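2 protein chains.
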Amino acid sequence: MTETGSVNLQHFKDTIRKISRYDEALNVLYWDLRTGAPRKGADTRSEVIGTLSADKFKLSTSEELGGLLAALEEPEQFGRLGEIDRRLVQETRKDYDRSVKIPPKLYQEYVVLTSQSESAWEEAKASGDYDGFQPYLDKIIHYTNQFIDLWGAGDTRYDTLLDLYEPGMTTAKLDVVFGGLREKLVPLAAAIAESAHRPDTGFLRQTYDKQAQKSFSLYILEQMGFDFGAGRLDESVHPFATGLSPGDVRITTRYLENDVMSALFGTIHEGGHALYEQNIRPELIGTTLCGGTSMGIHESQSRFWENVIGRSRPFWERYLSELQQRFPGRLDVDAERFYRAINVVEPGLIRIEADELTYNLHIMIRYEIEKMIFNDGVKAADLPAIWNDKYRDYLGIVPANNREGVLQDVHWSGGAFGYFPSYSLGNMYAAQMTVAMEKELPGMWELVGSGELQPLKEWLTGKVYQYGKLRTPSEIIEGISGKPLDSAYLVAYLEKKYKDIYRI
Amino acid sequence: MTETGSVNLQHFKDTIRKISRYDEALNVLYWDLRTGAPRKGADTRSEVIGTLSADKFKLSTSEELGGLLAALEEPEQFGRLGEIDRRLVQETRKDYDRSVKIPPKLYQEYVVLTSQSESAWEEAKASGDYDGFQPYLDKIIHYTNQFIDLWGAGDTRYDTLLDLYEPGMTTAKLDVVFGGLREKLVPLAAAIAESAHRPDTGFLRQTYDKQAQKSFSLYILEQMGFDFGAGRLDESVHPFATGLSPGDVRITTRYLENDVMSALFGTIHEGGHALYEQNIRPELIGTTLCGGTSMGIHESQSRFWENVIGRSRPFWERYLSELQQRFPGRLDVDAERFYRAINVVEPGLIRIEADELTYNLHIMIRYEIEKMIFNDGVKAADLPAIWNDKYRDYLGIVPANNREGVLQDVHWSGGAFGYFPSYSLGNMYAAQMTVAMEKELPGMWELVGSGELQPLKEWLTGKVYQYGKLRTPSEIIEGISGKPLDSAYLVAYLEKKYKDIYRI
Numbered sequence: 065m066t067e068t069g070s071v072n073l074q075h076f077k078d079t080i081r082k083i084s085r086y087d088e089a090l091n092v093l094y095w096d097l098r099t100g101a102p103r104k105g106a107d108t109r110s111e112v113i114g115t116l117s118a119d120k121f122k123l124s125t126s127e128e129l130g131g132l133l134a135a136l137e138e139p140e141q142f143g144r145l146g147e148i149d150r151r152l153v154q155e156t157r158k159d160y161d162r163s164v165k166i167p168p169k170l171y172q173e174y175v176v177l178t179s180q181s182e183s184a185w186e187e188a189k190a191s192g193d194y195d196g197f198q199p200y201l202d203k204i205i206h207y208t209n210q211f212i213d214l215w216g217a218g219d220t221r222y223d224t225l226l227d228l229y230e231p232g233m234t235t236a237k238l239d240v241v242f243g244g245l246r247e248k249l250v251p252l253a254a255a256i257a258e259s260a261h262r263p264d265t266g267f268l269r270q271t272y273d274k275q276a277q278k279s280f281s282l283y284i285l286e287q288m289g290f291d292f293g294a295g296r297l298d299e300s301v302h303p304f305a306t307g308l309s310p311g312d313v314r315i316t317t318r319y320l321e322n323d324v325m326s327a328l329f330g331t332i333h334e335g336g337h338a339l340y341e342q343n344i345r346p347e348l349i350g351t352t353l354c355g356g357t358s359m360g361i362h363e364s365q366s367r368f369w370e371n372v373i374g375r376s377r378p379f380w381e382r383y384l385s386e387l388q389q390r391f392p393g394r395l396d397v398d399a400e401r402f403y404r405a406i407n408v409v410e411p412g413l414i415r416i417e418a419d420e421l422t423y424n425l426h427i428m429i430r431y432e433i434e435k436m437i438f439n440d441g442v443k444a445a446d447l448p449a450i451w452n453d454k455y456r457d458y459l460g461i462v463p464a465n466n467r468e469g470v471l472q473d474v475h476w477s478g479g480a481f482g483y484f485p486s487y488s489l490g491n492m493y494a495a496q497m498t499v500a501m502e503k504e505l506p507g508m509w510e511l512v513g514s515g516e517l518q519p520l521k522e523w524l525t526g527k528v529y530q531y532g533k534l535r536t537p538s539e540i541i542e543g544i545s546g547k548p549l550d551s552a553y554l555v556a557y558l559e560k561k562y563k564d565i566y567r568i
Numbered sequence: 065m066t067e068t069g070s071v072n073l074q075h076f077k078d079t080i081r082k083i084s085r086y087d088e089a090l091n092v093l094y095w096d097l098r099t100g101a102p103r104k105g106a107d108t109r110s111e112v113i114g115t116l117s118a119d120k121f122k123l124s125t126s127e128e129l130g131g132l133l134a135a136l137e138e139p140e141q142f143g144r145l146g147e148i149d150r151r152l153v154q155e156t157r158k159d160y161d162r163s164v165k166i167p168p169k170l171y172q173e174y175v176v177l178t179s180q181s182e183s184a185w186e187e188a189k190a191s192g193d194y195d196g197f198q199p200y201l202d203k204i205i206h207y208t209n210q211f212i213d214l215w216g217a218g219d220t221r222y223d224t225l226l227d228l229y230e231p232g233m234t235t236a237k238l239d240v241v242f243g244g245l246r247e248k249l250v251p252l253a254a255a256i257a258e259s260a261h262r263p264d265t266g267f268l269r270q271t272y273d274k275q276a277q278k279s280f281s282l283y284i285l286e287q288m289g290f291d292f293g294a295g296r297l298d299e300s301v302h303p304f305a306t307g308l309s310p311g312d313v314r315i316t317t318r319y320l321e322n323d324v325m326s327a328l329f330g331t332i333h334e335g336g337h338a339l340y341e342q343n344i345r346p347e348l349i350g351t352t353l354c355g356g357t358s359m360g361i362h363e364s365q366s367r368f369w370e371n372v373i374g375r376s377r378p379f380w381e382r383y384l385s386e387l388q389q390r391f392p393g394r395l396d397v398d399a400e401r402f403y404r405a406i407n408v409v410e411p412g413l414i415r416i417e418a419d420e421l422t423y424n425l426h427i428m429i430r431y432e433i434e435k436m437i438f439n440d441g442v443k444a445a446d447l448p449a450i451w452n453d454k455y456r457d458y459l460g461i462v463p464a465n466n467r468e469g470v471l472q473d474v475h476w477s478g479g480a481f482g483y484f485p486s487y488s489l490g491n492m493y494a495a496q497m498t499v500a501m502e503k504e505l506p507g508m509w510e511l512v513g514s515g516e517l518q519p520l521k522e523w524l525t526g527k528v529y530q531y532g533k534l535r536t537p538s539e540i541i542e543g544i545s546g547k548p549l550d551s552a553y554l555v556a557y558l559e560k561k562y563k564d565i566y567r568i
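Protein sequences, first through last, are from chains A and B. Numbers in the working numbering are just positions in the first sequence, counted from 1, shifted up by 64. Numbers in the working numbering are just positions in the second sequence, counted from 1, shifted up by 64.
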């Protein structure tokens with residue numbers, strides 16, 4: 065590399081590193097707000113976050129960074145970059161263009177709007193009054209449409225939003241995979257509803273000591289290979305994971321005294337996200353590549369650990385006795401009955417309470433509505449009726465009010481259109497990865513059954529975690545499976561599991 | 065005010081507000097590091113702190129800020145400023161000049177040096193090897209002398225350092241007050257040592273459940289009027305308080321299973337600091353005036369609550385039964401015996417383990433040594449011998465090694481020369497304020513004896529807390545007492561208290 069080239073590269077990397085440090089600071093501030101910051105400090109705290117975000121935005125959109133990018137993209141210079149630096153230039157270019165295309169004034173208005181809109185949503189959700197929220201939602205849709213115009217539409221306008229969370233994902237691809245899911249899962253859910261072999265879940269509804277729940281959650285995290293020297297478990301109202309750096313990955317859960325599984329599955333879920341972040345290659349630290357490659361791949365890891373492993377028969381054949389020891393006399397059932405109970409399927413109205421099977425139907429409804437908004441011009445006023453119709457079609461039930469209908473999720477109030485599909489993509493990726501793991505890791509289920517979870521974590525580190533954003537979602541799944549994303553794996557997994565449980 | 069004047073003022077205040085936001089972010093990052101951040105994230109975290117500190121330093125030393133200051137200092141503009149804005153300009157000028165006089169390269173070298181020096185001190189303290197640490201200490205002294213040269217010496221060179229922590233304090237004043245203290249406290253300590261009436265402390269040395277200790281600490285904080293909506297209590301190796309803003313003041317303590325009083329007095333001490341920070345006037349938020357006016361006044365509040373109140377007879381006549389309830393069968397003594405036990409005087413070698421009386425002697429030793437270093441050119445090599453001689457003079461005991469001698473405190477390794485006097489100043493201010501409070505708050509000790517601590521907090525809010533840095537330390541103490549700082553109040557307080565306890 066020429067001397068100018070290597071000066072540019074160093075300068076570029078220093079800038080990226082500085083941005084990543086601002087990101088860590090911001091993530092600590094957010095984590096702190098959500099895990100117990102005193103409420104009376106909230107106003108000054110949001111000013112602090114606003115100031116640091118603005119300074120970070122300035123760094124990320126500076127002409128200087130633009131100039132460095134352009135210089136490094138010159139074929140002569142780009143050709144001499146190593147693999148990581150090339151990806152870093154490409155990834156930064158994508159972020160840079162996205163940011164500089166939005167006029168600062170427009171973005172500032174949007175930030176204020178989403179903040180007001182989230183508050184309006186909170187009120188509307190509490191009261192059930194959709195009409196009060198509707199004008200905000202219309203505005204958010206209006207701004208999002210302006211962003212799509214500025215960024216440029218993909219094959220469809222909605223594709224531009226999908227790409228924000230799942231690079232390379234399109235409605236064309238999603239229509240195929242979701243179509244495949246719908247075709248099989250709707251009848252499967254119907255057959256389950258008619259089965260006479262319903263799991264008995266009554267024994268789960270008792271009172272469970274919080275400290276004992278916490279101790280078991282910590283134990284299972286340790287079994288999964290969560291590194292407590294590089295992470296911690298706290299409590300928050302809504303569980304979340306945040307990777308400040310691979311050396312500091314924080315997750316939270318929420319302990320419910322009357323539900324022994326809620327905090328545990330929350331912990332395993334966030335623990336899956338955490339294993340991903342803790343095991344990214346150290347050389348990616350301080351770069352924008354040091355994070356999950358997409359929301360779908362990230363979600364595949366939370367769902368692999370929570371559902372594929374954590375709700376499996378071998379897992380509980382191994383761990384049930386240890387759970388029982390922590391709650392003497394409370395869970396006096398055998399592993400089979402326990403396994404069936406934690407896998408009960410109950411079509412319901414609320415996404416976050418849904419079981420592993422019907423969850424995907426909740427997502428498809430949101431996906432179809434988001435497509436209608438951005439590709440067909442559907443307005444906020446139309447959403448409650450569309451929402452209710454779709455619940456009737458997919459799940460055979462209709463919300464009695466908007467609180468348990470169109471108002472249930474925070475996402476749209478914050479402008480996160482295009483995000484929902486990630487959840488089902490995660491389920492699909494996880495099922496597809498599992499088939500490969502079963503082949504490549506002989507006796508995988510025997511390992512789970514004997515509590516040897518490290519080989520699973522190591523396999524996933526080798527195939528997924530270490531790369532961060534160094535590989536695209538398609539490269540990851542094709543590298544593992546030899547095939548692109550295919551919903552047939554998830555269908556096969558769910559059919560096998562639930563036909564067995566419900567004896568269909 | 066002219067239009068230019070008000071534009072300048074607004075611009076100036078925006079800059080100060082921005083700096084204060086960076087301060088809050090940095091304080092959250094430090095708090096987080098000390099309350100449980102995963103150790104493997106420490107390296108990236110220190111880079112984050114380094115980046116934000118450097119950006120804050122740039123803001124604080126910008127030519128733009130210098131220009132705004134100069135404009136606002138023009139008599140015509142300054143004359144039209146309100147009280148708060150004038151103080152803000154004066155305070156900012158002081159900080160600004162201090163920062164810009166240090167060449168950035170020198171400061172950068174110093175930051176690296178202190179970081180290395182603190183590590184070297186840790187090693188030396190563990191091994192007792194002073195020789196390994198001595199070169200670092202010499203360098204730190206050398207840099208500090210350069211700073212004194214750049215800032216300009218006061219009446220003595222050491223005065224420049226004192227002013228960093230206690231604005232307006234001088235060796236001339238300190239010689240007087242410390243002289244007064246020494247004259248009375250050395251013989252008092254000697255008389256106590258010869259007294260036959262030693263308190264029995266054996267009952268304090270049992271095993272005390274940590275959760276029960278925590279619950280009592282939280283209870284006492286609440287009694288003091290600590291606002292849990294604007295603060296929190298956590299654990300850390302070394303207890304500390306940090307005021308992010310009056311709406312978010314965090315303190316920590318450390319629970320020792322074999323010492324029931326350690327965590328409690330630590331909590332009350334830090335709680336005193338916290339009451340100060342929580343009750344600063346809201347209009348000072350976002351300015352550099354939003355903090356304690358000096359380390360001495362800050363320390364007066366921790367010591368007032370910990371010692372004057374928390375180690376008083378009325379306090380334990382009220383609260384002992386509640387402490388006993390939390391540890392059934394453990395503290396089966398009457399309030400008088402308990403009061404005597406927690407006020408035992410034992411001349412020792414370690415400052416942080418010292419009682420309320422001999423503590424001041426430990427401080428005087430450090431004060432005299434610091435004066436010798438900066439006013440008489442004493443070198444690091446001479447310090448162990450000087451240290452040991454002074455302990456013989458003041459306390460009648462000599463360290464057996466440097467670990468319990470000159471190596472015991474972290475302060476010098478971090479360059480914090482001039483800080484130690486704050487601790488005794490705090491004791492003196494607290495005693496002087498107490499005399500005023502006893503006069504102005506009729507039945508003050510009856511209030512304490514009946515657990516009504518709010519009037520005390522409110523009195524202090526009116527006289528001290530609300531002002532932040534709006535008043536100087538002298539203005540604060542003279543406003544309360546009508547007189548400047550005088551060691552006679554502390555002497556009288558200690559003589560009365562200990563002659564009673566030891567029946568001298």
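The hints are simulated quantities; they were obtained by calculation from the structure and are not laboratory data. Since we're looking at a predicted model, the values are computed, not measured. Just to be clear, a hint being listed does not mean it is correct.
[To be verified] Dumping the calculated EDC-like pairs for lysine to aspartate or glutamate here, alpha-carbon to alpha-carbon at most 16 Å:
no., chain 1, residue 1, chain 2, residue 2
1, A, Lys122, B, Glu111
2, A, Lys104, B, Asp119
3, A, Lys77, B, Glu111
4, B, Lys77, B, Glu137
5, B, Lys82, A, Glu187
6, A, Lys82, B, Glu111
Now for the hints, and whether the structure bears them out:
1. Proposed proximity of Lys122 of chain A and Glu111 of chain B is contradicted: the alpha carbons are some 20 Å apart, above 16 Å.
2. The suggested pairing of Lys104 of chain A with Asp119 of chain B is violated, with an alpha-carbon distance near 27 Å, which exceeds 16 Å.
3. With a CA separation close to 15 Å, the supplied pair Lys77 of chain A and Glu111 of chain B stays within the 16 Å bound.
4. A hinted pair counts as satisfied when its Cα atoms are at most 16 Å apart, and Lys77 of chain B with Glu137 of chain B qualifies at roughly 14 Å.
5. About 32 Å separates the Cα atoms of Lys82 of chain B and Glu187 of chain A, which puts this hinted pair outside 16 Å; it is violated.
6. Using a Cα cut-off of 16 Å, the hinted pair Lys82 of chain A and Glu111 of chain B holds, with the two alpha carbons roughly 9 Å apart.
Of the numbered hints stated above, those contradicted by the structure are hints 1, 2 and 5, listed in ascending order.
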